[in-house]
Amino acid sequence: MSKFHLGWFTNFSNPPWNHQWAGTEGRDWPSGDAHVEFTRALERACFDYIMLEDSSMVSDIFEGSSRVDLKYGLYSPKHDPLMLAPKLAAATSKIGIIATASTSFYPPWLLARRFASLDHIAHGRIGWNAVTSSEDRAAQNHGLDGLPPHDERYDRADEFVDLVKNLWDSWEPDAHVLDRENRVYVDHEKVHVLDHRGKYHASRGPLNLMRPPQGHPVICQAGGSPRGRAFAAKNADTLLTAGGEPADMKAYRDDVRARMAEAGRNPDGCKIMYITTPVMADTEDEAQAKAARLRASSAAKLETSLAHISAVTEIDFAALDLDTEFSELSTNGHTTTLANFTKLGSTPREAAIAWANANFRYVGTPDSVAEQMGEVMAEVGGDGFLITGNIGRRFVGEITEGLVPALQRRELVRSEYRHDTFRENLLEF
Amino acid sequence: MSFVTGWFASYLVPDWSGPWAGDSGTSWADGSFVIDSVRDLEKAGVDLLMLEDISYLADIVGGTFEAELRVNARAPKGDPLPLIGRLAAQTSTIGLIATASSTFYPADLLARTFSTLQGLSGGRAGWNVVTSTGDRAAQNFGMDVLPDHATRYAHAAEVLAETHAAWGEDRPVICQAGASAGGIALAGRYADVVVASPDGVDAMRSYRDSIRAAAVDAGRDPDDVHVLYMVTPLIGETEELAAEYAQRWYAPTDAALWRRIVQLSGDIDYSAFDMDAPLPDDVETQGSRSILANLRRVAGDRPMREVLTTQRAQSVRLIGTAKSVADQMEQVVAEVGGDGFLIAGGGGGVLTRRYVHEITDGLMPELRRRGLAGLGSGSDLRSRLQSHREVGVPA
Amino acid sequence: MHLGWFCTTGFGVYGWDQPWSGNAAADVGNPQLFVDLATSLERAGFDYIMLEDASALPDKFRGNFERSVKSAIHVRFDPMPVVPLMAAATEHIGIIATIATTFYPPFLAARLFQTLDHVTKGRVGINLVTASAEAAAQNYGLEKHVEHDLRYEMADEWVEVCKELWGSWEDGAWMMEDKVGGVFADHTKIHHINHKGRFHASRGPLNMPPGPQGTPVLCQAGGSPAGRTFGAKHADTIIASPTGIEGMREYREDISRQAVEFGRKPDDIKVLYLVNPIIADTDDDAFRKRDRIAEAKSNDVEGLLAALSYSTSMDFSKFDVDGPLPDMSANNGHQSGIKELFSRGNTLREIAASYRTAQTVELCGSPETVADRMGEIMEEVGGDGFLISAPVTRKNITEIADGLAPALRRKGLIRSKYEYPTFRDNLLSS
Amino acid sequence: MIWGVVTTPGNPDGDLATEVARRVGRAGADLVLIAPTPGRETAFLAGFMTGTVDVAVIGGARSADVPPYTVARQVNALDHLSGGRGGWWCTDTAENPPRIAEHLQVLRGLWSSWDADAVVMDRVSGAYADHTKVRPLEHVGAHYKVRGPLNTVPSPQFQPVVVLEGSTPEVVEVATRLADVLLVPPGPVPVTDARALVRMPATVDPADLLAAVADADGFVLDLPAEDVATTEALLAHLTTRLLPALAAHFTPKPRGATLRHRLSLED
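If you read the sequences in order, they're chains X, A, C and D. FYI, in my numbering the residues of the first sequence are 1 to 429. FYI, in my numbering the residues of the second sequence are 1001 to 1395. FYI, in my numbering the residues of the third sequence are 2001 to 2430. FYI, in my numbering the residues of the fourth sequence are 3001 to 3267.
In isolation and in its complexed conformation, chain X is listed as follows:
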């Protein structure tokens, strides 16, 4: 079994502040200082990347108001991850940094230039999580009445990504000649106008800075629906999806790899990562006790879970009776997420609690959790796990000081970075 990859799924937002181990993050997170220390710890544990998800709305779907969203700080406050990326890049030297930007709201030329600059500053370690955004509320903040239909959003996104890649290619790799004798800094014949006029986007180009060190920053994606998977198969270098039963994980991976082959890409060119939150303690029974505490139902958990699912599907779950069976539900937002949610329980209450606990799959001491993860990866075939959870030092320490060394001893994950750029490390195995 070759090694698998590790990444972390988080955002530029408040870590859960109201609990025992909330050290100084409550004060440090708005400036990004808390995230800097956390990312250094991930680099010490040789993580492939940190992924900063994003959304641009205060959700007021649940109960028709933003009370619950703001009470727990679910979807806001959330800061712009593109301004955290340079700070993380300056404090690290090997780990990849993926920031989210929406193809539905950013002008293509602006996004292409922003990520090209970030890739220079990060010396070839930047990634772009290409999302189409899924909430009308977000669209209304950007001057639109609502989002285009789900599949059309992906058609627009396909053209958007092609245009951005062409803009990154508008400077040839060796355009930057630095010829002191003839006083030529850049050979102008190696910089090309694009003049792209497409169905949805237009841009003359070129960019006004050098080609990014990686050529193309790493593209990340989270497509679950068939159209989303097709988009990912064509464009993504890494793909994230919810964990779950190994059989479902394997089915998802095989489907994406098949689509990649159809799109003429080498299936190994995209690393599929499964989201999870390991529960660990010094001894097995302590870990089981801890897992039981974490999985326990509570009013707060029910409220936050229902508010979450309402926000991403734009269905007000407060209007449903919590204990009667689901009727047919549909959304223009996260179609797969809604499908998974309804599979987890027959009533909103059941499904909400199960959905909130979905990430707690691997429980035990660091060694036993390492064993469990190794077995699942062997069965599924790859490519890695995306850890998510509170970025406070307590939980992060359990991963970087406990789980990762146990995985390294079993040679399931890397113990050192062999390359300098994010893309080379990602595609090393």
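Take the hints with a grain of salt, since some may be wrong.
[As the list claims (entries may be wrong)] In silico DSS-like links for lysine-lysine, alpha-carbon gap of 27 Å or less:
no., chain 1, residue 1, chain 2, residue 2
1, X, K165, C, K2189
2, C, K2070, X, K165
3, C, K2070, X, K71
4, C, K2070, X, K190
[As the list claims (entries may be wrong)] Covered stretches of chain X (in silico footprint by chain A; criterion: 3 or more residues with CB under 8 Å from a CB of chain A, positions within the stretch not fixed):
no., region
5, 149 to 163
6, 394 to 401
The set of hints was computed from the structure by calculation and includes no laboratory data. Glycine included, C-beta positions come from ideal geometry on N, C-alpha and C.
Starting from the known structure of chain X, arrange chains A, C and D on it as the hints suggest.
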């Protein structure tokens, strides 16, 4: 009454084999373990760091290096000065006290060393004065045997006088840990910080009184000396979890016995004694006289195994949630009269980043919220120590 | 007086082949030079650093990119990512980055700068430009550029939307610190803005709380009548380059007058005059240096033609340098600068030869001489300070930060230390 | 071609010296030597800089001032902290070559008192290091008596770089046996196994530098960090006139390699 908090650190291999050891077994030597921990402690409001040191690898226990290199209570350990130099660049407010021997270092080297650190750290430098223990140390510096206790302290006094003359106004903080009569007198004359682990509140109060009396004898204001007591707080999310944590921490295991034997064996091989009998009466040492005296006082006629597995270099046990430990600390300071705590995390072969974060993210936020500690101010170390007299709830 | 530094080509490439450039060539895209600029200027007590920016690689002159990239003058990295790094290395100095209101979606911009206000701990500012080059519009998918004055009307509504978004969270809506009843933020103190305007629409609110400054510092540099009115209405600091003492006094009075009309106090706006001081050890050395620069510039007719092509989006290589000046009525780019330039001569060659190093006033000499002159000018004009425009090279940084600033400080003309934690308070408090 | 600078500790907070080290490091220098000055201890400054610069920083000291056991431990720690770029510059070589030779023998002995593979981290036996691979030194000499061993683990270079200075036959003999680098004045370069670096002022003219370095292994330039203006001028002179003139001699060196590797000394 607000009190001083310090961190007792070593440039020494931490826990390298436990469940939370991480990669520390290999990465400790590049300094990252200490540097990362000290930056977190500084952000959490801890006032100072005391980096201890010894300059020998002992083959006293069992006549070989085997025990030292298995138990790792004292070795392998790097020279603290370059590491403190690095910390001066990578921290901005925490006090930096480094250990150096007055017996082995020439006075002019000591004066130069600590005035350079004072400049680099913007006035946060401190010198932990030790006279060293163990013939093995002496043999690394051209001597056959360690000078006797009285000679070492007399020489220390000369060195301190000479260095203070060289520093004039901008002198670093002086720290001392000697518990013997000679040590206390010297501390009275020069020390800004005194570190000790007298056992129990009464011994803590009488020790502090003796230090303050020595300061008055030397014509100094007793409030210029800050006595810090060694403790190892054990923080749990609930009282019950904390109790389980403490039960594991203080369990009388073989490992705990061997740690104590190695720590005590400056010149005497304590492993040679019968562990199920009390300490024989005819044992003598030129090394750390106070360690032997303290051991004899505590041991009484109890068998060595019981004494050694329960004795820890700490003044009081602090166990519970962050809230209850903060209460206990507040109460101890009220009863003893002052001045603060030097927190140790188990030392070589035991300390983990996880323990450091229990202090920075569990205990310190609670102490800060209640104005008990972690609110020190002032750019240089001496004014920061003084600021504790004014800050906080009056006693 | 207040001092600022104007990075002439933003986060770009400076003097890559000049002596004293250190290893600038290898440092391309490396923010360390700008971080050093920030720490040096903070040591010198500067109020802010302004990073200019442009959204196009010009190819009007002779129809290709040669002039733009051969000497690297139009290579520009996106300045936004360097702002957090410059702020991380400093504690007081303000950092202003340029944004083109004509193309940048207002919600993205409002959220970007509110994030920067947090990340810089209250030290970020925005330089509002409407972008003069047609190529910029084409990069954003437009065929033709938006008409000059219409761009300012769009900009006016753009700023209104941003201000409404920045105000969408009331003070006290976010009370994480004292954890009252476990509520993170109170939804009753957070409001939709429901903005539906001529050019922009946004429902709001912003999905994050205000930063230390509440509103980032707004900066404006347009000299045209529409530009001045826009600045008087919205800007906290204005960059002006009128000619001569008389021109400077008139500019300050005009801004003050218009500010009062908008219900603002003249002191709410700090006007800084763009200058490029020529400093050397002695006055004579400085004069020789000035003459060297002037002589080189006035022979560089091609340089003038390329600059004009960029700011008017017309290919000046087609015009006869000795013939009559071309008709500029259709110019949709920079307006104020062109009018002043064309008044200096009858042909393009004469205009090139008329080059004077001074844009507003001449500052040339030893640090002492230049400092005295700056003090005198401030007395005469009553203005608020200077924006020093100079390529970002280690030599220039040292001359200004370790030469000129100490001289100004000895004469009590600039601050010896920062009074307040945020950029806005330090700028507007005195 | 090996090159570096000799700088001074500059202002008490060490910023200017760090700036010099950072800038010459980015320009490709192999080492920065810190000249001892009254009242300042260079071992500290080297430690202070390791975190922020990307070049080997070696403190200079008079061997008479510091006990060999302390030098061995401090330079071992610097080698660890700098990822294999530690070293020591003995500035009083010429005063008493035989004593210096013995001092260096003690250093070399202490650095190899642990075998390179002594650290085993054996979870079964619990041994962090194999005690049979650690031996006391038992050095008894004319000037020094040191039992050893070192009480810490071998450092990345195992034998950090030792720099001596001088060109008299006695100094050259000691350098050949025990040193890695020998600083020599301009003029005929003595034959030695150590890397001979010609020491010249940073204001040197490119042509003179080229001539002086002809048959040496490289050069070090005296570039004091006393005040901002002169330091900036010297740095500019170095990067825009001296280095381009020598460009032909420079072969690109692997980034991040240990100092011994960059000086092509065997490990």
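Hint numbers the structure violates, sorted upward?
-> 1, 3, 5
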